[in-house]
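Protein chains: 2
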Amino acid sequence: MSEFGLIRRHFTRAAPGALLGVGDDAALLQVSPGNVLAVSTDMLVSGTHFFPDADPFLLGCKTLAVNLSDMAAMGARPRWATLAISLPAQNDEWLDRFSAGFFALAQQHEVDLVGGDTTRGPLTLSVTILGEVASGQVLRRDAARAGDDIWVSGELGDAALALAHLQGKVNLSAEDYAVCAGRLHQPQPRVALGVALRGVAHAAIDVSDGLLADLGHILDASGMGAVLEIDALPVSALLRRLQQTRLALNGGDDYELCFTAPAERRDEVAWIAASMGLPLTRIGQVVVEQGCQLRDAGGACLTFEERGYDHFG
Amino acid sequence: MSEFGLIRRHFTRAAPGALLGVGDDAALLQVSPGNVLAVSTDMLVSGTHFFPDADPFLLGCKTLAVNLSDMAAMGARPRWATLAISLPAQNDEWLDRFSAGFFALAQQHEVDLVGGDTTRGPLTLSVTILGEVASGQVLRRDAARAGDDIWVSGELGDAALALAHLQGKVNLSAEDYAVCAGRLHQPQPRVALGVALRGVAHAAIDVSDGLLADLGHILDASGMGAVLEIDALPVSALLRRLQQTRLALNGGDDYELCFTAPAERRDEVAWIAASMGLPLTRIGQVVVEQGCQLRDAGGACLTFEERGYDHFG
Chain D
8 MSEFGLIRRH
18 FTRAAPGALL
28 GVGDDAALLQ
38 VSPGNVLAVS
48 TDMLVSGTHF
58 FPDADPFLLG
68 CKTLAVNLSD
78 MAAMGARPRW
88 ATLAISLPAQ
98 NDEWLDRFSA
108 GFFALAQQHE
118 VDLVGGDTTR
128 GPLTLSVTIL
138 GEVASGQVLR
148 RDAARAGDDI
158 WVSGELGDAA
168 LALAHLQGKV
178 NLSAEDYAVC
188 AGRLHQPQPR
198 VALGVALRGV
208 AHAAIDVSDG
218 LLADLGHILD
228 ASGMGAVLEI
238 DALPVSALLR
248 RLQQTRLALN
258 GGDDYELCFT
268 APAERRDEVA
278 WIAASMGLPL
288 TRIGQVVVEQ
298 GCQLRDAGGA
308 CLTFEERGYD
318 HFG
Chain F
8 MSEFGLIRRH
18 FTRAAPGALL
28 GVGDDAALLQ
38 VSPGNVLAVS
48 TDMLVSGTHF
58 FPDADPFLLG
68 CKTLAVNLSD
78 MAAMGARPRW
88 ATLAISLPAQ
98 NDEWLDRFSA
108 GFFALAQQHE
118 VDLVGGDTTR
128 GPLTLSVTIL
138 GEVASGQVLR
148 RDAARAGDDI
158 WVSGELGDAA
168 LALAHLQGKV
178 NLSAEDYAVC
188 AGRLHQPQPR
198 VALGVALRGV
208 AHAAIDVSDG
218 LLADLGHILD
228 ASGMGAVLEI
238 DALPVSALLR
248 RLQQTRLALN
258 GGDDYELCFT
268 APAERRDEVA
278 WIAASMGLPL
288 TRIGQVVVEQ
298 GCQLRDAGGA
308 CLTFEERGYD
318 HFG
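Chains as they are written, first to last, in this note's numbering: chain D, 8 to 320; chain F, 8 to 320.
Worth double-checking, as some hints may not be accurate.
Chain D regions said to be covered by chain F (calculated; three or more residues, Cβ under 8 Å) [as the list claims (entries may be wrong)]:
1. 34 to 45
2. 52 to 64
3. 128 to 140
A short list of chain F residues far from chain D (calculated; beta carbon distances all over 10 Å) [said to hold, decoys possible]:
4. 133
5. 230
6. 292
Just so you know, these hints were derived from the structure itself, not from any lab.
Backbone N, C-alpha and C define an ideal beta-carbon position, used for all residues, glycine too.
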């Protein structure tokens, strides 16, 4: 099968939200009136971001999910994606499952695959995601204000625990691994939460490199500091039992949203949590003093030097 | 240096055409009123698209150039780009030169780098380019009509000749290689031509995989055939002297535009050529009969079976 046949078989589906989809030199898209375009790119490399024998269906999901998560963190509605894929050799069975996973999640979020590239080389996946948001409602990193509550969605650390097991750094029972593996292989991009937080939250980021590192980006961009209540962190029962709660601070791959919101919006945030069936936990406060202090229930200050994941750190 | 330091040092410049550039979860862009967004992605892999020891400045230029060429082929004005780059190890000298080349061409075309990703892995470069075009003026592949003239810009085949030399398939003198090497390493994306052809041309494509293959995409999409005057092809003196003119048909990497336009627009096309100082050559005609016939000056029909480059062919 040719490159063009490959694209037709695996990556060409109807793109009802596009003026022109796959098959020309470029796709043509109409941004909705009153909206600006949000654009983000994430690249996944075999051996760096996933194991070469990763399940291709789940990998297809995750390749899109990590990009959807960036849209969520801006409060943007994802609309379109392009996919560039480098493959060592054509493998139709693998591509069938990979594309099925990609399109399954795309359909859930009404995202059209509108273009891309397919070439020969080491297995590498690069997605650019395009979304829309009204310009006054964007959740930017630099918008945290002193006194804001700091919130995080879901639970943190389970994805990092599953990864640590696969890397041989911890040794989980099959039952324990089953509990946390889904968080690593099937992250749930918090797109609906990002949209719900428009006009409620000030700043937001998705937790991909670990809470401390990603919250640090909000604080740096906003010129603020934070006090975190370490005992308030939403950590799974599994992580507590295994005494691996530090993974909730410096793990990664959570793809939860960390956001700040004024204290007078607490009721609205609680309502959003209840209406979505998604825990939203208040974990601290934005303060003027730079740096991130960690406090335990007794009010004692802890230090914490480990930072999040950094590809060239 | 951390991944974030790397991005700051090498890939963060002012983005005056963006609402928000590098540094958040996504860039924010405002599409001009009356315009639609044109989006295209191209991936370049070391060993497939370029030699591992390629000059990083020229590689930076080319990485953007091949994407600009896709905008040109739509008649779109390129505005923004994202760059995902996978690197075996951090090499600041290489990155300094690569980014200098990328930004040099970006500045020429007033394109802002607004986002991307940097990760560890085999050297792979993936650019998504975003441009604007009024929706009624798009140069689509499927818009060729019977009776249209077929035109091509510049000269064809020199880039493929230079590549054949580097691959050891032909053996050029240093002087001859110097004549054609620039066409391989410094392709000139025909952005201004694409804009000038709005409202004049019907269909267009950029010649990246070889004229026959790329014209074939126009013909397939339009449900048409073509008669090409083989002696009319714009071939360099070098290619003629070396009797390598077939490279003008099935070479690649030319990044010239092939377009169709009604016969009554010939004067306008000639005026565009003169005003831009860029040869535009009429090489044949769109016909209703499917397939691509090649005719020599005596009117005899030739057959030509070789097609363009295909990564999985």
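message: Please list, smallest to largest, the hint numbers that this structure does not respect.
response: Of the numbered hints given earlier, the structure breaks just one, which is hint 4.
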